[in-house]
Structure formats: structure tokens, C-alpha cells
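Visitor: Read off the chains here:
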Amino acid sequence: MSDLKDTASGTASEPDGPGGTDGTSGTDGASGTDGASGTDGPVSPTGAVDPRLLVRQEGLKGFLHEFTRRVRGGELGSLPVIVGLIVIAITFQSLNDSFLSASSLSDIAVYTAGLGIMAVGIVFVLLLGEIDLSVGSVAGASAALWAMLSVTHGMNDWLAVLMAITAGGVMGLIHGFFFAGVGVPAFVVTLAGFLGWSGVQLWLMSGEGTINTPLDSVVADLTGYYFSDKAAAYAVATVAVLGYVGSLLLDAKRRRAARLPYRPNSEIALRATAVAVLAYAVAYVLNEPAGARGLPLALVIFLVILVSADFVARRTTYGRQVFAVGGNAEAARRAGINVEKIRITVFGIAGMLAAVGGLFIASQSGGANKGLGGDNTLMNVIAAAVIGGTSLFGGRGKIWSALLGALVITSIQQGLNLQGMESDVQFMITGAVLLAAVVIDSVSRRTQKTAGRT
Amino acid sequence: MPNEPVLALRGISKRFGAVQALTEVDLEIRPGEVLALVGDNGAGKSTLVKTVAGVHTIDEGTIERHGAPVQIHRPHDAQSLGIATVYQDLALCDNLDVVANLFLGNELRSAAILDEVGMEKRAQELLDTLSIRIPSVRVPVASLSGGQRQVVAIARALIGEPQVVILDEPTAALGVEQTAQVLDLIERLRERGLGVLLISHNMADVQAVADRVAVLRLGRNNGVFPVRETSHEEIIAAITGASDNAVTRRQARTTEKNP
Ligand SMILES: Nc1ncnc2c1ncn2[C@@H]1O[C@H](COP(=O)(O)OP(=O)(O)O)[C@@H](O)[C@H]1O
Ligand SMILES: [Mg+2]
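The listed protein sequences derive, respectively, from chains D and S. Each residue of the first sequence is one higher than the one before, counting from 1063 in our numbering. Each residue of the second sequence is one higher than the one before, counting from 8 in our numbering.
Derived by calculation from the structure, the hints in this document are not laboratory data. Beta carbons are placed, not taken as given, at the ideal position from N, Cα and C, and that holds for glycine. Treat the hints loosely; a few may be bogus.
[What the hints assert, rightly or not] Some, not all, of what chain S presents toward chain D, calculated at C-beta under 8 Å:
(1) His83
(2) Leu121
(3) Met210
(4) Ala211
[What the hints assert, rightly or not] Taking lysine to aspartate or glutamate pairs in the EDC-like style, the calculated list, with each CA pair at most 20 Å apart, reads:
(5) D:Lys1292 - D:Glu1350
(6) D:Lys1403 - D:Glu1392
(7) D:Lys1403 - S:Glu114
(8) D:Lys1403 - S:Glu31
(9) D:Lys1292 - D:Glu1392
(10) D:Lys1315 - S:Asp84
(11) D:Lys1432 - D:Glu1270
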């Protein structure tokens, strides 16, 4: 085409991620920067490449150049959240030097896991451009069901956990059915769910009021078990780093073989170093300082869910279809995608993950009760997804934003708890952070428009 | 006939509530031929396209492919019959990149896992053979210009190796240079032996690339003309339904004056 005025600043290549939504890793501070065509890569058949394109420089220099170009253009990626986390850490540490202590950090890790798992479900729903207001009630009702089956009725613990998660999934599927099958707006359906499922929760708990978690139960272990063997944390860190580097190398090799632009080794090394430093730092902090209890099981479960959900979202047809429906549902339908099926299953996933989150809350608070999942659970989950950078308008976001957002919210809560501040201040500060996240998102989106990107 | 229709519509009717959008419409699309479909706003052109594409189901009539009647109930049915449609509104997902849009609904994969490398390679090759220039196949479609989006939508229709391509007003929103490129692209489709149904408002476009032109008026057939032997005015007359209109009158006057 000859008319390229508004795209002349496009990058040469973005080798992975469904369009515009890369998320190789939300933890390396550079996750918004996947433009990795190296001019040292083989030149692809040039017919389709516009000569006015800015061509990436070689290797590391090109990577850094590309990174600054993107930040100037407003593609901030996960940068604001990471800066925010650093600011939070410095602030609270200077107020109270137990903030970065071993026990405080492992509390943050465990609380982040429960919140983050529910937020992963909400990220899927937000990717569709919808909202789920029922998270807290589904969590509460599922936890109540588990407690009743396992503790009151003496059912096998594993079976009861499975039943609770299935029940959460079914609740989500019901929302999905009324939304996608009947055509009621998701906002209203899940609002009805919010009321209805908390009614179910009250009814299930009506005999007892509170059911305490037995010490030897699976649910108690969810947040109570720590791998005291130091090798566990280092092994998980090693697996994570090797898996990450392996996937990058494999990707580069396949792209090279197909004569497509690929990531230069220098960039892979840089990314690998960043991930390795982070992974081993976390493992060290969980293992070594005085009072450290080792790797929490909760964190392992969360990471497994996070990595699998990220894989599904970015690498499978299902994930591609979720992004397509969120971007343009009518186009997705005309492309032969079963839009109803995608919508219903996404709400099912959100319900299932809400149920897992409910079991985490029951584990942390020592049991199921009438109020579990009430108060601010729902708002924290949605705030986590949005603070992490998932758009409320559908089709844009990353699964990793659940981790980053949950980390921000939990860190603030932990810091304020250590200061002995009550919920009033906590709510106000969390509200302000949420607002800041949305403002940054809106402003950076406007900058991106002028820079010719969306 | 040496050139059997690859797709034939026989007596197609479609109504929306009180609106009878199509009444017993017949149409034959032949391989290696560009058939233009013209008509006033609201004549039912887009509706006809959507019935063939499986977006709307037909109320009456039959659709034949190579002479055999076929059923089209869903977009997927049309795709598997080798009918590809470029909609007037393009039906692209702005948030996805060019590769993802090209393969949407037809992803290359092993099991449920996407073959990104394979798709990107084929996308490059397809865009190259069509001489389509896009800054990168990995930019989101939202960042492309109108003309680029149009050619991406056309390229998308070709991914499944269709036999019939239907284009609904592909040049309506384009500038002169971009229109020329889309028309070039349509000629390349004809050279590849595809049957092309081109819906257009623009007579100049129709006369530039079409072999035959079918006129739709108020949801009914109003004649099929070979483009080379038909004047602009005759087609306009069929569109407006008036052999007695401003153009024909002027024409008549001038021919009277200079016999
Ligand atoms: N989904 C629909 N529901 C109701 N009426 C429709 C629908 N689609 C088209 N129509 C009506 O059908 C007629 C033909 O429209 P259309 O096919 O879009 O015309 P064209 O593309 O020729 O301009 C119009 O009167 C329009 O209002
Ligand atoms: Mg139309």
C-alpha cells in the first residue's frame, strides 16, 4: 500500500503473542517489548515489507533502543506496576523494617496466591469485555459446600474439594448460560449470582455458623503447608528459568528455520538473566533469612495455574478465540467461532477459579463461615486484574496481570496492617491505586494513538 | 455452456419481519469471471451476500454448487464449501494482529496448540503473492490504514483456498490509489480461476474489472448485462428502475439532435 502515514512507526516484528497482547513474562519489566526482529536474522522475502519501516538494530543495543522507543510511544506494558511495587516496598520498609522480613514476605506470597487465582478467572472474563460480580459469593458458597461435605458429613476430603471446585464451575456455567444463551447482560446475571449464591452460602452454613478447618485437611494445607526443604524453592526457580529459556530458544530456532525474524541470542540472554535473578531472589528470600519457612505450597499452586492459564490464553485456539470474541464478537461469529460456547466456558473457568480462591480464604481464616468471600473480596479481585493492566473493554490484557495486580493489593494491605492501620485507610489507598492504574492506562493509550499503535 | 457456474442461486427469498429484503433472486457465478452486483442503497445486496455466507439463512430458494444443491446454515458451512466472503464492515478483530486475523477460525495447529511460526510464514507468502504491502504481519490490525485493512480482509478470504470470493463494497471507503490496488487484486483473483462476486456502488470500478453485471432492484433481479456491450446509462436505468430518467432523457435528446 502506498498510504502508510499512520503506520510508518510500526515495528518490524512481534514474534509472539496473539496480536498486540504479548505476555512472555510479566516479571522482567520488559514484557511489553517483544519486537525482536533482528536485522541479523535472515532477511525474509522482502515483498511485503515497507521500506519506510524503522528497522531494528542488532542485538542488545537494538533491544534497548526498541524498549525506549516503546515507552516513549506510550506502550508501557507492565512497567508502571513494577515501578509501583518498588515504590510500595521502599515506602513500607522505611516505615517499618519488618515489611521485607521473611515472615511478612511469605504472608504476602500466600495472600497473593489466593487473590491472584481468582483474578486469573476475572482476567479471562475481562478479555471477553464482560464483568463477573459474583466472584466473592461463588467463593463463599463453594467453601461452605466443601466445609459441609467434608467436615459435617465426613466425606473424603479430596472428593469434597473436587465437589466444591466443580460446584463453582457449575455456578459460572449457569451465569454463562443466562448471559450467552439467553442474552441477559453479564452485569445483571452475575449481580443476581452475587445475591443468590451468598444466599446459598448462608443456607448451607445455617446450622453451624462457622465450620473450622481440621488441621490435617487438604484445605488447611493449601495455605498452611511449606516445603521446609530448601531444595524445593531452588528447584522450582530452576525449572522456571530453564522452562523460560528453553521456550525462547525453541521459538527462535523454529522461526529461524522458517526464515522468519527471530530473537537474537543477546536478547534471550538478557531476558533469561532478568528472570533468573528474580526467581532465585524470591527463592532465597523464602528459604534463607531468619524465620523463613521455605516455599509455600500456595505459591506453587498459583504459579502452576498462572502458567497454564497464560499458555491457554496465548498458545491455544481456545485462547485465540477468547481474544477474538472480546475484540469483535460479530467478526468471531462470522469466522465460524462458536461465540456462545466461548462465553459460557469462560464464565465456567471464572467460577471454578473463584471456588479455588474460596478454599484458599477458608484455609487462611481457619474455616468456612457465613461471611467468607463477603466484604471486599470481589472488589480486590477486580482491582487486581485491572491494576495489572487488563483492559475493561475486552480483547486486551495478559494473564500475568493477575499476579502483578494481586501483588500490589496484597503488599499495600500487608504494609498497612503492619502499621496497625484499619480498613478505612486501606480502602482509601487501594481505591486511589486502582484509580491511578486506570488513569495510567488511559493516558498511555492516548499516547499510543498518536504514536500509531493501539 | 463451456463455463458452468461454480455457484448458482435459484429463487432466493429472505424477509426480515415486515421487510421482504429479497424476492426470488437468481444469480450465477462462474469460475474465472468477475460478476458485479449493483443496486441502490437498500436493494438487498448485503443481505444476499450474507445469505450465501451463512450469516442469514434463506427462507426460500436453493443454492447450488457445481450444479448440486447445498445447505448453508452457518458461516462455517459456506467456508467448507469454498465460499469466502469479505464483508462490507470487514469483520476484522482490531485487537488481533494480521496473522491472527488472516487465520481466525482456520488456525494452523497441532492438537489445540497454535502453530504461530507456520501461520506467520504462510501469511507472509500469501501477502507476497498478492503483492500486498503491510508494515509487519505482527502489528494489531487497529494500527493499519483503511486500505491496508481492506486488503487484509481480502487476503483473509483467500486463506482457505476458496473457489468463490464475494466482496461487499470493497472500495467504498478507499482513496483513488488504494481503490486501484484493490481492483488489481480482484483481477489477480480472476486470473487464478476463482469466481468473484463484486458488489459495488461505483460504475467506474464495475466497468474496469467486471465481466458481467447483475442488477438488483428492491430485492428483485433487474437484468444481467455483459459489461463490454452495455452502456453506463443502461445499467443506471436498470438500477433506478426508470428507463425514463434524467440520464436517458438527456441521451435521447442528444441522439435526436445528432442522428
Ligand atoms: N438484519 C436485518 N434486519 C432487518 N432488516 C434488515 C436487516 N438487514 C437488512 N435489512 C433490510 O433489508 C433491506 C436490504 O438491505 P441491504 O441488503 O443492507 O441493502 P444494500 O446492501 O443493497 O444497500 C433494507 O431495507 C434493510 O433495512
Ligand atoms: Mg450493503
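Visitor: Take the hints in turn and mark each one as holding or not.
Guide: Hint check:
no.: 1; hint: His83; in the structure: holds, 4 Å
no.: 2; hint: Leu121; in the structure: holds, 6 Å
no.: 3; hint: Met210; in the structure: violated, 24 Å
no.: 4; hint: Ala211; in the structure: violated, 20 Å
no.: 5; hint: D:Lys1292 - D:Glu1350; in the structure: holds, 8 Å
no.: 6; hint: D:Lys1403 - D:Glu1392; in the structure: holds, 14 Å
no.: 7; hint: D:Lys1403 - S:Glu114; in the structure: holds, 18 Å
no.: 8; hint: D:Lys1403 - S:Glu31; in the structure: violated, 35 Å
no.: 9; hint: D:Lys1292 - D:Glu1392; in the structure: violated, 52 Å
no.: 10; hint: D:Lys1315 - S:Asp84; in the structure: violated, 38 Å
no.: 11; hint: D:Lys1432 - D:Glu1270; in the structure: holds, 9 Å
Of the numbered hints listed earlier, those contradicted by the structure are 3, 4, 8, 9 and 10.
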